[in-house]
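A.B. asks: This is what each chain is made of:
2 protein chains.
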Amino acid sequence: MAKFYGIGIGPGDSELVTVKASRLLSELDILYTPEAKMGGKSLALKIADPYIKEDLEIKQRHFPMVRDRSLKEGQWKEIADEIVQDVKSGKNVGFITLGDPMVYSTYSYLLEIIGDSIETQTIPGITSFNSIASQVNIPLVMDEESFAIVPATSGAEKLEEALKLHETVVIMKVANHLAMVLPLLEKYNLLHSTVLVSHASMDKQTIRRDISDLSVDEKLTYFTTMIVKKG
Amino acid sequence: MAKFYGIGIGPGDSELVTVKASRLLSELDILYTPEAKMGGKSLALKIADPYIKEDLEIKQRHFPMVRDRSLKEGQWKEIADEIVQDVKSGKNVGFITLGDPMVYSTYSYLLEIIGDSIETQTIPGITSFNSIASQVNIPLVMDEESFAIVPATSGAEKLEEALKLHETVVIMKVANHLAMVLPLLEKYNLLHSTVLVSHASMDKQTIRRDISDLSVDEKLTYFTTMIVKKG
Numbered sequence: 432m433a434k435f436y437g438i439g440i441g442p443g444d445s446e447l448v449t450v451k452a453s454r455l456l457s458e459l460d461i462l463y464t465p466e467a468k469m470g471g472k473s474l475a476l477k478i479a480d481p482y483i484k485e486d487l488e489i490k491q492r493h494f495p496m497v498r499d500r501s502l503k504e505g506q507w508k509e510i511a512d513e514i515v516q517d518v519k520s521g522k523n524v525g526f527i528t529l530g531d532p533m534v535y536s537t538y539s540y541l542l543e544i545i546g547d548s549i550e551t552q553t554i555p556g557i558t559s560f561n562s563i564a565s566q567v568n569i570p571l572v573m574d575e576e577s578f579a580i581v582p583a584t585s586g587a588e589k590l591e592e593a594l595k596l597h598e599t600v601v602i603m604k605v606a607n608h609l610a611m612v613l614p615l616l617e618k619y620n621l622l623h624s625t626v627l628v629s630h631a632s633m634d635k636q637t638i639r640r641d642i643s644d645l646s647v648d649e650k651l652t653y654f655t656t657m658i659v660k661k662g
Numbered sequence: 432m433a434k435f436y437g438i439g440i441g442p443g444d445s446e447l448v449t450v451k452a453s454r455l456l457s458e459l460d461i462l463y464t465p466e467a468k469m470g471g472k473s474l475a476l477k478i479a480d481p482y483i484k485e486d487l488e489i490k491q492r493h494f495p496m497v498r499d500r501s502l503k504e505g506q507w508k509e510i511a512d513e514i515v516q517d518v519k520s521g522k523n524v525g526f527i528t529l530g531d532p533m534v535y536s537t538y539s540y541l542l543e544i545i546g547d548s549i550e551t552q553t554i555p556g557i558t559s560f561n562s563i564a565s566q567v568n569i570p571l572v573m574d575e576e577s578f579a580i581v582p583a584t585s586g587a588e589k590l591e592e593a594l595k596l597h598e599t600v601v602i603m604k605v606a607n608h609l610a611m612v613l614p615l616l617e618k619y620n621l622l623h624s625t626v627l628v629s630h631a632s633m634d635k636q637t638i639r640r641d642i643s644d645l646s647v648d649e650k651l652t653y654f655t656t657m658i659v660k661k662g
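Quick note, the sequences are listed as chains A and B, same order. Heads up, the first sequence stops at 662 in the working numbering, and the numbers go up one at a time, no gaps. Heads up, the second sequence stops at 662 in the working numbering, and the numbers go up one at a time, no gaps.
It is possible that part of the hints are untrue.
Copies of the same chain are indistinguishable here, so a pair counts whether it falls within one copy or spans any two.
Stated by the list, open to error - Quick list of in silico lysine-lysine cross-link-like pairs, DSSO-like style, CA-CA up to 30 angstroms:
no.: 1; residue 1: Lys434; residue 2: Lys660
no.: 2; residue 1: Lys434; residue 2: Lys604
no.: 3; residue 1: Lys503; residue 2: Lys472
no.: 4; residue 1: Lys508; residue 2: Lys604
no.: 5; residue 1: Lys508; residue 2: Lys661
no.: 6; residue 1: Lys661; residue 2: Lys503
no.: 7; residue 1: Lys472; residue 2: Lys661
no.: 8; residue 1: Lys522; residue 2: Lys661
no.: 9; residue 1: Lys661; residue 2: Lys519
no.: 10; residue 1: Lys618; residue 2: Lys503
no.: 11; residue 1: Lys635; residue 2: Lys508
no.: 12; residue 1: Lys589; residue 2: Lys503
no.: 13; residue 1: Lys635; residue 2: Lys650
no.: 14; residue 1: Lys660; residue 2: Lys522
no.: 15; residue 1: Lys595; residue 2: Lys477
no.: 16; residue 1: Lys661; residue 2: Lys589
no.: 17; residue 1: Lys660; residue 2: Lys477
None of these hints come from the bench; they were simulated from the model. Predicted model, so just to flag it, every value in this text is computed and none were measured.
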C-alpha cells in the first residue's frame with residue numbers, strides 16, 4: 432500500500448543517512464523537499480542526492496519560515512493536501528528533513544494536518560547535536576547526568592534554569608542571540624567549557640572549543656550550535 | 432593510518448545504522464563489543480551483523496555495569512590498553528555501542544582513557560528517544576520549545592524541575608523507579624500524555640500511549656523509556 436514517509440537525513444554528510452532512509456529514498460515515486468532560498472538545489476536534497484533514482488519526481492515546495500502561524504498554516508495545508516492526494520493515487524511519497532523529523536522540523540506540522548487520512552511512517556535521523564558531540568568527541572551525558580536542548584529563542588530565563596539544572600545544555604539557534612547567551616555563560620563560568628559549531632558535518636564546518644574571546648557582535652550563521660558542559 | 436572507531440549502531444533495527452557506520456563496519460580488522468550477559472551474541476553485535484565481513488576478528492569484552500567506579504575503571508583500562516596496542520600494530524579497530532556513542536555509553540570512558548594516544552573517530556548513531564518519537568509520531572520539540580533527557584536514577588527533585596521547565600521530557604531507565612516517577616507525573620497531570628516504550632525498534636517492542644492505569648508494581652525491562660509531553 433502506498434505510504435507517506437517522513438525521512439530524517441541527518442546533519443549534512445550524506446553518509447550519515449541511515450540505511451533505511453537510503454533504501455526508502457531509492458524506492459519513492461515522489462519526493463517533497465523544502466525549496467532552497469536562493470533557487471538551486473536545497474541542502475536537504477543535496478544530502479539525499481546519492482540515494483535517489485534518476486526518474487524520481489521531485490516537488491520542491493515553499494515552506495514559509497515566519498512567526499505568524501496563520502500565514503504558514505495556509506501554505507502547509509496546501510502542501511499536505513497535495514501529499515494526501517498523491518498517496519491516495521497510489522504513489523509512495525517522501526518528505527525529507529535535515530536532522531531528525533521530530534526535532535524542530537516542519538514535518539511535525541505536515542503530520543498534524545495529515546493525521547491518519549493516509550498511512551504515514553517516520554524514519555529518524557541523526558540530529559545536529561549528536562553529530563557535533565561525536566565530532567568534537569565530547570560525551571553529552573554519562574551515568575546519572577541529564578541534558579537539555581534549548582533554543583536561544585526560548586529566552587534568557589529558561590536558558591538560565593536549564594544551565595542550572597542539567598550537566599549539559601545544547602543551545603540551538605544562537606546566531607542572533609549572543610548578547611543574551613554570552614553573559615549567562617559568563618555568569619556561570621562556562622565560556623571555557625563551551626564548544627561552538629557552525630555548519631556541523633558540512634564542508635565549511637567550523638569548531639571552537641573555548642568561546643571566552645567570542646564577541647557579542649560576531650556574525651554567526653543560522654546553523655550554529657553550542658554545547659555547554661559543566662564540571 | 433590505522434584508527435579507532437567508536438560506532439553508534441542505533442536503537443535496535445539494523446536498518447537504522449548509518450551508511451557511514453555500515454561502511455566502516457565492513458572495513459574493520461577488529462571489532463570490540465560488550466559481552467552479552469547470558470553468553471551468546473550481544474545485542475549490539477546482532478544489530479551490526481549484516482555489515483561485518485566473515486573474517487572480522489571479534490573481541491567480546493566484559494564491561495562491568497556496577498556503581499563502584501574504581502571497580503569498573505581497572506577493567507576499562509585493560510580493554511583500552513588492548514585497543515591502543517591493536518591500533519598501533521596497524522589494525523583498524525571498532526567499538527560498537529547501542530544508540531549514540533555520546534549518550535550514556537561506555538565508549539565515553541574508553542575515550543577518556545585512550546585520549547590522543549591513537550587516532551580516534553566517533554560515528555554518531557540514532558538514539559533510542561529519537562527512534563521512539565518517530566515510531567509513535569510524536570514531535571519532541573517544535574519552534575521555541577525545549578526538551579530534556581533525564582534518567583530516573585538522577586532523582587525526584589531533578590526530574591520534577593525538568594518537568595516544570597521543558598515542554599518535553601524523555602525519562603530514561605524508568606524500569607525500577609515507577610514508585611518515584613508515577614506520582615510526579617500524576618501531580619502535574621501528565622499521565623495521559625506520557626508514552627511508554629519498551630524495547631524500542633526491536634521485535635518485542637511494546638508501546639503504551641497513556642499510562643494512567645500503569646501500576647507502580649509493574650515489571651518493566653531495562654530498555655524502557657517514557658516520553659512526557661506537556662500541553
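A.B. asks: Does each hint hold? Answer for all of them.
C.D. replies: Going down the list of hints, with the structure as the test:
no. : hint               : verdict
1   : Lys434 with Lys660 : between (41 angstroms within a copy, 27 angstroms between copies)
2   : Lys434 with Lys604 : neither (33 angstroms within a copy, 33 angstroms between copies)
3   : Lys503 with Lys472 : within (22 angstroms within a copy, 50 angstroms between copies)
4   : Lys508 with Lys604 : within (26 angstroms within a copy, 39 angstroms between copies)
5   : Lys508 with Lys661 : between (43 angstroms within a copy, 25 angstroms between copies)
6   : Lys661 with Lys503 : between (38 angstroms within a copy, 23 angstroms between copies)
7   : Lys472 with Lys661 : neither (40 angstroms within a copy, 37 angstroms between copies)
8   : Lys522 with Lys661 : neither (49 angstroms within a copy, 35 angstroms between copies)
9   : Lys661 with Lys519 : neither (51 angstroms within a copy, 33 angstroms between copies)
10  : Lys618 with Lys503 : neither (38 angstroms within a copy, 36 angstroms between copies)
11  : Lys635 with Lys508 : neither (35 angstroms within a copy, 37 angstroms between copies)
12  : Lys589 with Lys503 : within (26 angstroms within a copy, 37 angstroms between copies)
13  : Lys635 with Lys650 : within (15 angstroms within a copy, 49 angstroms between copies)
14  : Lys660 with Lys522 : neither (46 angstroms within a copy, 33 angstroms between copies)
15  : Lys595 with Lys477 : neither (39 angstroms within a copy, 40 angstroms between copies)
16  : Lys661 with Lys589 : both (17 angstroms within a copy, 16 angstroms between copies)
17  : Lys660 with Lys477 : neither (32 angstroms within a copy, 33 angstroms between copies)
Of the numbered hints given earlier, the model fails hints 2, 7, 8, 9, 10, 11, 14, 15, 17; all others are met.
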